[in-house]
Each structure stands twice: as C-alpha cells, then as structure tokens.
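From first to last, the protein sequence lines stand for chains F, R, E, U, W and P.
When we follow UniProt numbering, the leftmost residue of the first sequence carries the number 1, and every step to the right adds one.
When we follow UniProt numbering, the leftmost residue of the second sequence carries the number 1, and every step to the right adds one.
When we follow UniProt numbering, the leftmost residue of the third sequence carries the number 1, and every step to the right adds one.
When we follow UniProt numbering, the leftmost residue of the fourth sequence carries the number 1, and every step to the right adds one.
When we follow UniProt numbering, the leftmost residue of the fifth sequence carries the number 1, and every step to the right adds one.
When we follow UniProt numbering, the leftmost residue of the sixth sequence carries the number 1, and every step to the right adds one.
This list has only true hints and no planted wrong ones.
If you want the ones that stay clear, here's a sample from chain R, every Cβ over 12 angstroms from chain U, calculated:
| no. | residue |
| --- | --- |
| 1 | T14 |
| 2 | D24 |
| 3 | S151 |
| 4 | E177 |
| 5 | R258 |
Okay, the calculated bits of chain W under chain U, using three or more residues with CB under 8 angstroms as the criterion:
| no. | stretch |
| --- | --- |
| 6 | 102-111 |
| 7 | 307-313 |
Computed spacing ranges between beta-carbons, pair by pair:
| no. | chain 1 | residue 1 | chain 2 | residue 2 | range |
| --- | --- | --- | --- | --- | --- |
| 8 | U | G47 | P | R245 | 47 to 55 angstroms |
| 9 | W | L11 | U | E150 | 48 to 56 angstroms |
| 10 | W | A36 | P | N242 | 33 to 41 angstroms |
| 11 | E | G49 | R | G200 | 18 to 26 angstroms |
| 12 | P | N242 | U | V240 | 46 to 54 angstroms |
| 13 | E | G200 | F | T14 | 53 to 61 angstroms |
| 14 | P | V42 | W | V42 | 40 to 48 angstroms |
| 15 | W | A223 | P | E150 | 34 to 42 angstroms |
| 16 | W | A16 | P | A76 | 49 to 57 angstroms |
| 17 | W | P81 | P | E25 | 49 to 57 angstroms |
Source of the hints: derived by calculation from the structure; they are not laboratory data.
All values derive from a computational prediction rather than experimental measurement.
C-beta: ideal position from N, C-alpha, C; glycine also.
6 protein chains.
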Amino acid sequence: MYTDLTGEALLEFTSAVREPEDFDEFWAETITRARAAAAPVVVERVGAGLATIDVFDVTFTGFDGQPVRAWLRAPAGAAAPLPTVVEFIGYGGGRGRPTENLYWASAGFAHLYMDTRGQGSSWSRGDTADPVGAGPHYPGFLTRGIESPESLYYVRLITDAVRAVDTAAELPIVDPERIAVFGISQGGGVAIAAASLHEGVKAAAPCVPFLCDIERAAGITDAYPYREVADYLAVHRDGVENVLRSLSYIDGVTFAKRAAVPARFSAALMDAICPPSTIAAARNAWAGPTELAIWRFNGHEGGGPVDAEEAAAFFRHTLT
Amino acid sequence: MYTDLTGEALLEFTSAVREPEDFDEFWAETITRARAAAAPVVVERVGAGLATIDVFDVTFTGFDGQPVRAWLRAPAGAAAPLPTVVEFIGYGGGRGRPTENLYWASAGFAHLYMDTRGQGSSWSRGDTADPVGAGPHYPGFLTRGIESPESLYYVRLITDAVRAVDTAAELPIVDPERIAVFGISQGGGVAIAAASLHEGVKAAAPCVPFLCDIERAAGITDAYPYREVADYLAVHRDGVENVLRSLSYIDGVTFAKRAAVPARFSAALMDAICPPSTIAAARNAWAGPTELAIWRFNGHEGGGPVDAEEAAAFFRHTLT
Amino acid sequence: MYTDLTGEALLEFTSAVREPEDFDEFWAETITRARAAAAPVVVERVGAGLATIDVFDVTFTGFDGQPVRAWLRAPAGAAAPLPTVVEFIGYGGGRGRPTENLYWASAGFAHLYMDTRGQGSSWSRGDTADPVGAGPHYPGFLTRGIESPESLYYVRLITDAVRAVDTAAELPIVDPERIAVFGISQGGGVAIAAASLHEGVKAAAPCVPFLCDIERAAGITDAYPYREVADYLAVHRDGVENVLRSLSYIDGVTFAKRAAVPARFSAALMDAICPPSTIAAARNAWAGPTELAIWRFNGHEGGGPVDAEEAAAFFRHTLT
Amino acid sequence: MYTDLTGEALLEFTSAVREPEDFDEFWAETITRARAAAAPVVVERVGAGLATIDVFDVTFTGFDGQPVRAWLRAPAGAAAPLPTVVEFIGYGGGRGRPTENLYWASAGFAHLYMDTRGQGSSWSRGDTADPVGAGPHYPGFLTRGIESPESLYYVRLITDAVRAVDTAAELPIVDPERIAVFGISQGGGVAIAAASLHEGVKAAAPCVPFLCDIERAAGITDAYPYREVADYLAVHRDGVENVLRSLSYIDGVTFAKRAAVPARFSAALMDAICPPSTIAAARNAWAGPTELAIWRFNGHEGGGPVDAEEAAAFFRHTLT
Amino acid sequence: MYTDLTGEALLEFTSAVREPEDFDEFWAETITRARAAAAPVVVERVGAGLATIDVFDVTFTGFDGQPVRAWLRAPAGAAAPLPTVVEFIGYGGGRGRPTENLYWASAGFAHLYMDTRGQGSSWSRGDTADPVGAGPHYPGFLTRGIESPESLYYVRLITDAVRAVDTAAELPIVDPERIAVFGISQGGGVAIAAASLHEGVKAAAPCVPFLCDIERAAGITDAYPYREVADYLAVHRDGVENVLRSLSYIDGVTFAKRAAVPARFSAALMDAICPPSTIAAARNAWAGPTELAIWRFNGHEGGGPVDAEEAAAFFRHTLT
Amino acid sequence: MYTDLTGEALLEFTSAVREPEDFDEFWAETITRARAAAAPVVVERVGAGLATIDVFDVTFTGFDGQPVRAWLRAPAGAAAPLPTVVEFIGYGGGRGRPTENLYWASAGFAHLYMDTRGQGSSWSRGDTADPVGAGPHYPGFLTRGIESPESLYYVRLITDAVRAVDTAAELPIVDPERIAVFGISQGGGVAIAAASLHEGVKAAAPCVPFLCDIERAAGITDAYPYREVADYLAVHRDGVENVLRSLSYIDGVTFAKRAAVPARFSAALMDAICPPSTIAAARNAWAGPTELAIWRFNGHEGGGPVDAEEAAAFFRHTLT
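Same shape as in the complex, but just chain F (with noise of 0.2 angstroms):
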C-alpha cells in the first residue's frame, strides 16, 4: 500500500523544516573540535579467510576523539589508488563480521564500512562503544541525548562520519579525489550529512534515507524508529519545541540545502519506516545535481542489491 505522497506531488513536494540559525557554526565547531582531539589511525590486516579480497581493522577517532572501528575491504593486491566507499550502516546494526558485505570491494573499489557507536546488537553485530552517557531517553537511539544538541547522539554519529571521510583520505589505497558516500536508511541520513559537511566527498548516494524532514516523520508514521520521537514526547509532554530544536540539527534538509556535489537518492512508495515525502523534501532541497530512483511497489527495503548496483553505476560515472 502506498503510505505517503506518489506522482507528481512527491516529486514536486518542499517543506519547511526548523533551521537553526547557528546550524552551520555549530558543525563547524564541533567539527573543529573532533579534529583537534584526533589520534592516528590504526589500520590492522584480517585474517578472513578470503582470496579475492584484503580485509583491514580500522580504528579512528570520531566524536571527541572517541575510537570508531571500521571495516577497510579492498580487491587482493590492487594497485592503489582506488575510488572509494564509504559506507553508514542502517539503524541497529554494526560492521558485522569482516566476510559479510562483499560487494563494494568486489566491484573493484576501496570500501571504508564505518562501524556504528553504541548499535550493532540488532541485526549485525558491532564493535564500536558509544563512551557518553545520556539523560532519561525512550529505548533506541534516537532521542538519546535529546535534550539538546551538544549531548545529542546522532551529533556524534554524524561527526563520526565525517572523520570516517578525513580516516579514507590518509589511507594509501584511497584515492582521496574519488570518495563518495553511500548508506541505506540511518546509513543514507548520515552520508547525506557527512556529503553536506565534508568537502572531500565528490558523490554521495543516499538509499531510502532516515533523518530527514524528522518533524514531518514524526507525524505521518507510527513506524520505528521516527516514533521514538513521538513515545518520548508523549511522555515528556512540556519537552515538545526544545525536542525539535535539538533534532533540527541533524535533520537532512537542512544539510541537504549545503550539499554541492551530485547525489542519488532512492525512495519506495510502500515504505512506512522512512515515508517517501521526507526523502523527496531532501532530494528535492538537494543544492548539487540529483536523480531520484521511485520503487513503486517496494517497503523499507527499497532497490535492495539494485541500489547498490546502480550507485556503483553512479559513482563510477561521477567519480573521475
């Protein structure tokens, strides 16, 4: 079933989300800040198993200069060097084990798959802990650090995510003109983030992004995680425009409104988790060039291995 806007009215749908006045200061410094407490990356060959292709353990310092650890895959023995991907993993989810999500190496380029702080124990596993507290918050991720956006946690994934960028620049088999971003639902709000912040980043592709238009989100659908917003609220009742405010600085409008370079977005008209209104407010707010790919008959899961594909298309066109 459809869950949100189809035709025209999609593609031609704005909104008006909250945009801080001080949005873009804020980032600066907090990148500024994650920069200065930054330590040298520590990049370990795995043993896993593989034949076709080379397996790194990646430690870097994100938010705070906290340790990230990252899955840096490439083809075995390939001359450097390569077009790159990095990749935000979905909600719930960490790196996994270095033999699964084969194809960005496979396809022949650098792949950088960024592990999630504090996620990986839903659906695959991680090993990156997320060091800072929180005050009272609804189970999950999103309205952890809620109450403002200096203790906000999606503030640290996103600068997590940009120095994944700056960590793939410094490696000898990146090619630091030809990275590009690349992420599935969380994944796909925190590239357009790390696209919009980071001027490394030549081409980004966002799959059926989250974080995006979450004021809107928060309303039109029961789906989780955007209603982890509406079960705090519902019981932080006076909480209601200090909430908004926070979640304002990481929503992908905004971001998308600084993002130059070109990007690919996909959405699904039967998706309820990440409704296709909100992702066409991003795209179509998009300052950079954008294709947008429409699966009709599709949920969550969008064009699955063909977005994949078709981003690899995208990148390979882009990234020259």
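Use these hints to put chains R, E, U, W and P onto chain F, whose structure you have.
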C-alpha cells in the same frame, strides 16, 4: 494461561544460578566507591498543589557520585520520625510528576521514590541522566554495558538504590530504624538487591520482581525486557559466557541468599514478563523469613493495588 | 502518527450530528423518573489504612432507583464545605479499591468517584450491577440496549451521573455551589452529559472524551469501543438508522450545545480511540466558555497526570 | 501446532472437576420453575423464498418464562412425525436468517435452531433478548452473573435449551421419540447439558464443545471466550473461589456423568479455543456409550461439514 | 473504519484502467481454443444423504480441455427446465462437500457450483488440479503465470468459468434462457468476466468482487490477495510494466464495459480486501443496467446471506 | 525463548520417521529419468561489474529435463580446478542478482548457486519456472503436488539439486573430487538430500535445515512453511495418511540414514521455523561423521555469517 510452573512445583523450585566468586567483594568495593564519592543531599520543597502531602525534590549521589533524583513525600505536617518506604520503579518509567504515586504517603509513611537513571521516557517521566556510555547494546537497558560487571547498567542502578537507602536514613523525617524497600517488576528486582546489600533495610516487598535467575528467564520467555538478552546474544554469538557472567553479578537469587530481613514476595501465574518460577527461585533462596502471594489469574500486573496494601500491612507489622 | 485532523482544521471543525426532536423531553422525563424513585443515600466510613484521607462507601440510587456505588474521599478531618469533584470512570473500569485514585482528595477537594454499572471487570474492579437486561448486542457496553433510547445502557449510566451530582450536593462535606465534573474517555463523555443536564454543575473538565459525534467516530476509527457500533451493525444490517437514532440521544455534541458552564477539554493528536475531531466537535459546539488542551504526541492517554493537574487549577479558578 | 494432550494421554484423560453437592437439586428446581412459568409456543410460517424447505418462526418460553426465538425448518410438505435435531449455536452468534443453516432439514430432519439470548451480534444475527441484568462483568457472556449460580447467564441459556427440547416434543412435525441435540463449540456445551438434563433427548453430538472443565481450560488457554474468566478474576482477585464455584454448576464434565444416551463427540488437536483435553474430560466421564472423532490437523473448526454429516449418520443409526 | 471512498465520491468514481488493444481478440481466441478442446460432460449422481436436494458430480472441460469439477444441485425431483445459477468461489476455496452450499437449490434454482482449479485448500476443499506450471511467483494465485497473459492463472480460471456456462446450458435440468452468474469476492470477479464473455448469461450478481482495477487496488490496500502483486513486484523490480499489462487482460473494469445484461453489485465501506472504489469502478463502467448495494458497516463479508437473498430476488425478476 | 528440546535431550533425540519400502527405488528411478532427459549445460559469462569475481549464468536440465538456472561464481581468473560449493536456497527465494552472495567465491571456492523452481518472488528473485501443474494445494510449495510422491514439488526440486551436482562436476573450473553442498533452511534440507543421493558430494553443511521429520514438525510448530501441511490437512481431512506418505519420500531423516560423507549441521534453540529436535533427528541419524553447532540464543537465522565461515573451514578441512 499459566506461563510457567504452578502448585507444588512452583513452591519448591530452586535454581542453581551462577555465583561469581568475587560477588561480595565486587559489591563491597562498588558501594564503598560510591559512598566515597558522595556529595551532600539536596532537598527542596515542591509546590505540587497538594493539601495533604508534602513533596520534596531530592537530589542525592549514587554510583560514582553521579546525581540521582527522587521525590520524597510525607503526610503534610507529620511529626518525624516516620516509618519509611524506599521505592524503586518498573522498567522504562521515571519518578513521574509530584502529584502521582500518593499511596504510601497517604498511608502514613515517608516515601522516597527514586528516579531510574536514563529511563523515564516510556510510561512515566524521569529526570535523571545515566552519564555513563556503553558498548554496543540492544536498545534497552538490560544489555547496556553488558561486556563486564564493571560497566553494567544495572550495577549502577543497584548502587543508586543502596545510596537511596543511605539518603533516606539521613533525612530528618525518616526513622532510620524503620526503613523498608518496595518495588514492582524492575523495582522489585532492585529492592531485592538493596535489601541484600544494605543493612539499614529492615523489610522488603518485591512484587513480581525482575532480574531473578536471568539465565533461566532468557530461555523460557519471549517477552521483553528479558528478551533483550537473547536479542543481544543472537548477534554477539561469541559473547554467551561473558554476558551470562556479567549478569550473574546482579541476579536476584544470589542477592536473596544474602538477605536476612523479612520479605513479602508476589508472583503471578499468568505472568509472561517475569515468569513465576524465576521469582520463586529468589524467594526460595531468601535467607530470611518470607511470604509469597501467588496471583493465580493475573499477568504481570500481579496484585496491583492489593499488593501495595498488603505490603503496607506487612511493613506495619514488621517495622517495629 | 496523527490519527485525524490537525491544526486549524481541527480547531474549526464542526459536525452536524443528528439531534432528536424530543431530546430535551426525553432527558427531562428520564431524570424526573430517576429522582422520583430515589432512596436515601447511604454513607459508610471505610477503614482503608490511610492517614491523610477519609474514605466513605457511598450508595445512592441512579436510573429508576437502582443502587449505584461510589467512593467519597476527602482530606482527613477537613472542615466542610469543600469544593468537590464528581468523577466518572473510563470504559471497562470500576471504582477500584479505596486506596486508589487519591489525587483529588490529596489536592484538597471532596471527591465522589462514581462506579460504572455493570463494568468494573476489565482494568479496575467495580461493585455496581446493571440490573437491566438487554437485547442482542455485541459484547461490550456501547451496543447494549441499542434498539431504542429507552433501553440504551448509556442512558442509564448518564442518569446515574446526574444522580451522582444530586447526591454530592446533599453530602455535608460538599459545598453545593462548588461542584465540578471530571472524567477521562468514557468518564469525559459522561461528564459532558452531566454538565449539560444538571444545573448544579459549575465546571467541567472532560479529558479525551468518548461518546462525541458517535456516527462520525464509527466511520473513522477501527479502535474499540467505538468499533462495537460497526461490529453490531455488520450483523444487524437493517438496523443502521434505528441504531444511529438511539445513539443520537447520548451524543456529546448535542449535550454540548446545551452546556453553559466553563469547560476545559483535552484531545490528543495521536489518539485512535477517541479521534480528536470528534472531541473538537463537542468543544466547538459547547455553549459556555471553553479551553482545549491539544497533546500533539500523545495517544489516548492524553495529558495523563498533567490533565488532572490542569483540571484542578481550572476548577480552583472557576469554582469561586 | 498441537495445543494440548495427544494420543493415549488424551484418550485416557480424566479430570476431577468440582461438583457442587446440590447440583442436581439446583437444576431440578431451575427447570421446574421455568416449566411452571411456561406460556404456549407460538409458531408462524416464514416466507423465506425456499422451495424445498418450510421455515417457521418459533417463540417459546425459556428461563423464568422469558421468550426465546428459534427457527423450525423441515422438508417442504414432509409427512410428520420426523426425526428431529435441536441445535444450539456457537458463542456470539444468533439464529441468523431463515435462509441459512439448511443442512439438517435438507437431510430429512425437523430442525429446531434455538436463538441464543443476548448474543447474535458478533457473526450471525439473533433476535432474543436476555432480559436479566448483571453485576460487574468482563465484556462477554461467560462472566455475566458470575457472582452466583442463580444469576449466571449460562444457567439461563441451558434452561432455555431444556425448554427447547420440551418445545420440540410438542410440535406436530416432530417425533418425540426421535429427538437429538447437536451443537458446535458453545452449542456443543449446551447440547451436553440438555442431553444430561432432559430425558426426551435420545442422542447427542457435541462438536468441539465449550464449557467442559472450565477451571482447567482457564489455566491452559489464552483464547477467548475461556479467557474471560481470567480477565474477570485478574480484576476481582478475591473472587476466585466463588467464581469457580458458580461455574461448576454449568460444567460439561459434571453434566456428562449424568448423561446416559449415546453421544458422538469431536475434538481437534490444534484447537486453542476449546482445548481437546477438556473435551476428552467430558467424553471420558459420559455415562452412556460414546464415540470420539479426533481431527488431528484442525483448529476450532474441527470436522466442519464432516462433523455434521457424521452426526447425521450417527443420529440416523441411533434414533430408531 | 471506512477503508476508501464513501458517499457521492464512491458513486461517481471512474477509473481509467489499461485496456489492451487485443483484449477482445485475446479472449475470443482463448475461448475458441477451449471449446475446440472440449470433451463431453460427465455427470454422476452423488449420495449425499439429502432428502430435498439432488446432488451431481459434474466434470467438464475448461481451459485447453483440462478437466474441471463442479457440483450440480437441484430441488429433488424438480421438473426441468429450471432457472439456473452458475456460481464461482472465493479465493482459496474449493467446491467443498456435496452437503454444503444448499441455498440456491433450496430456493428452487439449479445450481452449478464450479470448483476453482488448484485452490480448494485454504478454507473449503477443492478437487480440481491446475495442470499448468508457472514461472517464479509469490505463493498464491494472483501472480501465477504473471509473466504474460497467455500464462496467467486467472485466464485459465475465467476460461473455465465460460465453459461452466457452456456446460450448464447443455444440462437437461437447466433452462438455457435463464442462466445467471453469481459469486463472492474472487467468485464475483470471475462472474463479471463470465457475464462479459458469454452471451448465454442473462444476469449477474457479483458480491464484493475481486479483480477490479487491480492496479489501483495494489496501491491502496495492504490486504491479501491484492497484496501479492506488490510482494511479487517488490522482488521483480523490473517487471512492473509487464505485470500490469498481464493483469489488464483480466480486469473487471474492462470486462464491465463489454457486459450488457442486468447486474446487481454489492460493496462494503469497511472492506479492506476489495476496496469499494475498485468495485464502483467496475459497476460504473458496466454497459448494462445495474444496481449497487452498499453495506455501510461491513467488511469483506459484505451483505452475507442478505446479498444471496437479494441476488435471488434479482434473478427471479430478471430471468424471465 | 527455547522452542523445543535443549541439552542432552536434544543431543540424543531420535525419531522414527515413516520410511517407504520403495524409497531407494523411487529415487533411483527419478534420477535416472532426469539424467536420461538431460540436455547440455549452457554457460554464459555475465557482466556484473565485479572486478574480483567472474559470474556465469548457467542453465542445466533438472527434473524430467526441465531447464534450471544457476549462477556460477569463481575468483576472477582463478586456475582450475577449484574446490566447489553447490548451494541451495531458502524457502521463497531465488538466485537473486549476479552481484549478491559473493562469500563463497571470495573465499576461493567455485560456487554454483542453484535457482529454486517456481520460487524466487518472496525475498530474492528467481528466474526458473516450475513447468508442472498441481492439484489443489495451500498457497505455498510444501503442499504442491502432495497427492503422491510422483507429483510432489519437492521431488522435482531435489532432483534438480542432484542434477546441479552432476552439472558442477562437468564444469571446467570445478574439481569433481572436491564438491560440497551447502544450504540454509530449505537449502539445508535439499543439501541433505543431495548429499544422500549423489556420490559425487564429498561434504555437506546443512544450516538450520528444513524438511526433517516433517510429520513431527507439523505437530510442534505453528510457523510457516511447515504449517502449510496442517493448513492443507485442515481442509483435506481425509488426506492425512496419504499426505504423510507422500512427504516421507523427501524426509531428511531418511536421507540422512543413507548419507556417508562428513557433515556439519547447525541448529538454533530459539528457532520456531525449523525446530531443533527435527534437525537433531536428521543429524543423529546421519550415517557418516557429523558435527553439530548449536546456537543457543538464535532463532531461524542460526549462525548467520558464522555458519558460513565455519562451513568454509569445514569444507577446507574435509575436501582434500
């Protein structure tokens, strides 16, 4: 539908939980550290619009000196010292509004209602942060910090509870010789721990308590929050032994063996959330005298208001 | 997820409910008959173990002289006469235990908490029979006696409510010039009717009220209890007009047109049980001054304790 | 999935239900009173547009002389007297339309299809009121009047059933020596009672019957309507013994011990609504000769049309 | 809850379904081929134990000469020729037992109840194979053979239906000038097609018909079986246009434009399985005179027995 | 929650499945017939955009010479012959995109990933038709053709699997002395059969396999696809013995008794889809050496990527 053992099988059930060798040391050190880091209690009167009850906003220091909130309620203008109930809250809830939970003070007790760190966003609001970060965990609180007892969320919460009893004993309105602990579900599990760890507790009434024989519970129920353990271990497949070891430091059965004061338990035969055999395991292991109310046709609501009334009668009888 | 109208559309919504020509006569006769059959009120003190509140078991006569139970609670030893809240209960519940629902008396009001005939077995216990039989009906109360207004269950319940106000006005502890009605959900719908039908009511605070624009509600929500209407009519296919006519005698919108005292309503935008437009229909039709609290991220729990606190403030301000 | 006992354990299962000392007296008096209050049967031909079957609208008097409706169907123009099936209906249903339930008359029987008082609004329509009120009860029929056997809804329904057999025996089309009772689920439970209480019944075919070993059923299934007992007792916690005593007056196992005519039972191993062991309990206690059809892969639909066909063959064989 | 359009919007709804250019040719050829492959009908009397109705087991040849089963029922010993109803069955069901579905014959019609190839295993048993294989498809029947109209399951089923009318016209008991088609849900959709494709059909009564404006239905409901289309296309992402083209060969709206006999439709406003607008689309496109019964408070059960009675009255009036 | 046996009871569980007398003949004939009808394999290179892996589209002939598709993947430019894994797919899925399932080739194996006839439309796409029709069946594949072993869908699928091993052995990249079979769920059940029926298989790793002790499974779980058996038999009540006989020709326990190569099984204690005792039944009956990985806190996902890694290690060790 009965969810577990009934009749004699229930009354005689014993379980052989893992008991860490350093259980007593671990807790002695943890509590010593918290007390060493303690700051003075802050008590402020709250204007709640109540004629018959005085309400105070209490801030004390719990685990590692971290601030914890509570409401103190007492009959308006009552002459100190009063028999006192320290109550811990069920999973997901917080201390709520000053105008809620008026039973114990109306019944003539001083009532210290401790907020639950980090929670308080699912069904009643909380005001206490959990300022400690965590490794990868399943959304929820049972797997937070589960990689070691040192980092385990529930170690912090139980330490807060011990400190809440310390705090109660210092309050002028409280008769330090007549302090009891009470709690439902998670609150009951925490009450068991507090009664075991703190000599100042003179009676306990855990109602349908959580956190008892956690390993068994994780195998016999699909209901949350016990199910968080299985969800986490489904992803962290190599963590089984380590996780079960961590959890053994907070198991109510092990605390029960060390608890000598009179206790009134309740369990419900149709409870899928805290299966009655896990509660019987704690009750049957309890070192002091016990009573057990079995609610034959109830689920996790157990005896509801009757459990509270019977606990009050039990405390009146015991705290003398 | 928002379940219904929002924003201006909600605030301006009006509905043209069916209004029976003999609506006023019908109710005048029904109430006259109940008063004619009235027997003296019986009030007995209850030993509830409460230090700060006196509780009395009240038996008065409602519809056709049938006995109805209530708890009367007041601050222990308070000097009469007190401002008074007559409260009606949500669907399925009964007056519960003497030890429950202590807010209003703790806040300094006399509180008459009327039992709901025949109910009181779903979430809190009741002690009042509905001694009147019924034709075929869907399990539940909304279709009981639905073949005519004369036999309709809710006519009996509303008549009980009017008689509860009569009763309150006679009690020595009550100031008959300062009586307000309060209720949540079904209790809110009954409170609207009582405020409309009884001149002794000086203020009303229906929270997320049921029984408003029932015909509309039956079409726009799948949630019970409104859904009982559709379930019944799905089987009694030829009964549509007759049933909608019966229900028009208890519709809150029609009562609202006849209610002149100040009222504070609440509605919740994510409420699927009592959709906010049906509540706005009653509020917008109300003949007296009104306030409307809109809970943006709440479901049927609405404002919860905050609704009660704000109603108390509203009553303190209004009942002068 | 098998929901209960299977194989030998099922075939040999016996249950020790509570048997009230005054069970026989209670029923003798109840039925005597109903017969004393009886009014003449009214039979009116109905124009149902059927060529092969005559349908009559029958009104007889049941419990306490209260009117009960039924459809009488017989092969068009059949020569009296006919073997006759008196059928009772499943939970929630009513006698439906004259054009429904044509099997028994098409098969050559006179068929008296008794309406169920108060029901007939969930899946097929009814036309019979239950003119007796009730104390607090859970929505539904199993807890209506549950405070005593005298007020119990099912005592009225079973008395109606006995009176339906009285009525059948008086009808000219019926051969009073060849009357059988039939029913599915609730109808089966009522058929057991009627066969036990009325000497005019010569055979019985209860299919997946309800109302057998109710106390056991309330503990081993979560499905409605048995679950109404637990829902009621979850709130009326002090009513357990009284409620189980009331229900013991209508238990099919106790009726079965007093039933001497041949009976064909059916039970289904995947039935969660009427667990097979409760049916086996009644069948194994039956005083007369019995057959038991076990449907291995069916739920509560049991044998469906095959149960009816086999019951017809059983009746043809038995009613001679 | 209303699931779709209501009121005037429903009555005036038209939809522009895809209409293949070769629609008429396609069907002419398909039916010609089936008739060319036809074998003689086999009719055998069945001993069903029914006194008032004769039942015959009919085997005729449908699509491509493949055998199809049916029950023929007629009033016992009725004088030919009779007005006749050819009925098609709802999704998942089969022709059931000889003893079921007695209404039409009891009402004086000859009744040919066609089995549904391959189905007959979900809620009533069938005896007819679908001897044609299929490409990859979602479990269920709507996507079977969906890669082309030639391979589409429903083309076979509709062809069977046309052949069932051929067959009826040959049976001695049938008056070939008084043949009507009837069906509920899938049976209604097939009845529309048969009435459109076969000149021998003189009246049609599709109740809550399936297979109308399938493309719209796939977008506006989540309920099965329409949802099979979305489930299939979610995986076969590149098949959208091809699949919608295949389905356009069996769309009831396109058949309706070619149907000239009187028709009585029914639709239900709370039907999520066959949304009322899709039915209105077919009815509003119907070339002949129509009636439309709207069941305001029903789901997919629609008018149930009343739909059948009204269809019988409609047929008696029309078949003259 | 544990769904079945645990601990020693699981490790020692044996089941006495029905074993048809002509089991071996039946399979010998079926496979001989398929080989007799075989056509040459077609292998075409696919441009999948992968740098490290070569992908080929393979079409071979399976049951009765019908075409079956597969993907052959191998490390790009690897020197033949390679150890080879023939993999079968889980229920509902198809061979997917060339870019998916890269693990085995990345790990240095040749990987023949056989499409599943008729499936491939629920969670990953397939390209292989099942050109054989079926009698009445429940939507799904387990009851397709269930009226006899000759017509049974799974006989065709297993024959395809045997032919896939034939095919692998002919491919130049494959070392015919080092062929293993692998599969998860349905794929695991098919792998058991292939290892039993084909002498060319040198090792097997069935993960949480389906199709083992089907009769037991149908009684102890409600989960699909085993539940299809009960759904079918609930309607085809007289088919129980025949259906269980048909299914006995494809039971993994009977295949296991005839399988002599080393095998690594996995089972999960919280698996409701393939209950662990049914898997233990096959493993404990296996004629060759076995290992069993038990995933204590997993459901049907079992060991996920770890199962694959451990199977790879097992194959490396075994295929020498």
